[in-house]
Amino acid sequence: QKEVEQDPGPLSVPEGAIVSLNCTYSNSAFQYFMWYRQYSRKGPELLMYTYSSGNKEDGRFTAQVDKSSKYISLFIRDSQPSDSATYLCAIHAGGTSYGKLTFGQGTILTVHP
Amino acid sequence: EPEVTQTPSHQVTQMGQEVILRCVPISNHLYFYWYRQILGQKVEFLVSFYNNEISEKSEIFDDQFSVERPDGSNFTLKIRSTKLEDSAMYFCASSVRGDTQYFGPGTRLTVL
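One line per chain: the protein sequences are A and B, in this order.
Under our numbering, the first residue of the first sequence carries the number 1, and numbering increases by one thereafter.
Under our numbering, the first residue of the second sequence carries the number 1, and numbering increases by one thereafter.
Everything labelled a hint here was simulated from the structure, so no lab data went into it.
Possibly wrong hints are sitting among the right ones.
Some chain A residues near chain B, calculated using beta-carbon distances under 8 angstroms [said to hold, decoys possible]:
| hint | residue |
| --- | --- |
| 1 | Met-34 |
| 2 | Tyr-49 |
| 3 | Gln-105 |
Here are the computed lysine-lysine pairs in the BS3-like style, where the Cα-Cα straight-line distance is at most 25 angstroms [unchecked claim]:
| hint | chain 1 | residue 1 | chain 2 | residue 2 |
| --- | --- | --- | --- | --- |
| 4 | B | Lys-57 | A | Lys-42 |
| 5 | A | Lys-67 | B | Lys-78 |
| 6 | B | Lys-57 | B | Lys-78 |
Just so it is clear, CB atoms sit at the ideal spot from N, CA and C, and this is done for glycine as well.
This is chain A alone, in the form it adopts within the complex (with noise of 0.2 angstroms):
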């Protein structure tokens, strides 16, 4: 079983719609879940970070975690073409892993006008 699996899509939204990007993850011992985007050829840019189950909202995005399901969703609301990228789940176990990050594949999404 892959430590952390997530569907790579792709996935095509109209302007405006609601995304939904999910991982579901094996090792119980996961403690920080984050989310990146990758623009083509480019680093991944960090969007969200959480520790704890529960939902975490920052503007447009929200991060929720589902600890028990081992599940990390995120969700983009009026969803643009300018968020058209590779969203990339990562997660650590904290503790004494030095923050090494386990990423999954990339879902890649596109928003069209």
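We have chain A already, so just place chain B on it with the hints.
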């Protein structure tokens, strides 16, 4: 806003040659990382570096790889004898406490 920078943006080398990829992490950060991403694949952890030593490394990070922080600002990744399969994007990242990590724009390494 402070950011991680990497040079060069693209490096082309012949198989068997040594390459050094350079990174300048965010100035008050204490944890430093290298990741790589082969085209179309996941971002993969290579190594973490804290307090002037390697704190963790992956199976990929074999004896051909080394990291160094030669001064107070630079962080380098050296590949001693490059192989075709080392062709990838290499990302440097840094973090204050080892949690949220900020990535550089990457160096595209092409091994011919």
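Checked hints:
1. Met-34: 7 angstroms, holds
2. Tyr-49: 5 angstroms, holds
3. Gln-105: 6 angstroms, holds
4. B/Lys-57 x A/Lys-42: Roughly 24 angstroms between the alpha carbons, so the hint for B/Lys-57 and A/Lys-42 holds.
5. A/Lys-67 x B/Lys-78: 38 angstroms, violated
6. B/Lys-57 x B/Lys-78: 14 angstroms, holds
Of the numbered hints listed earlier, the single one contradicted by the structure is hint 5.
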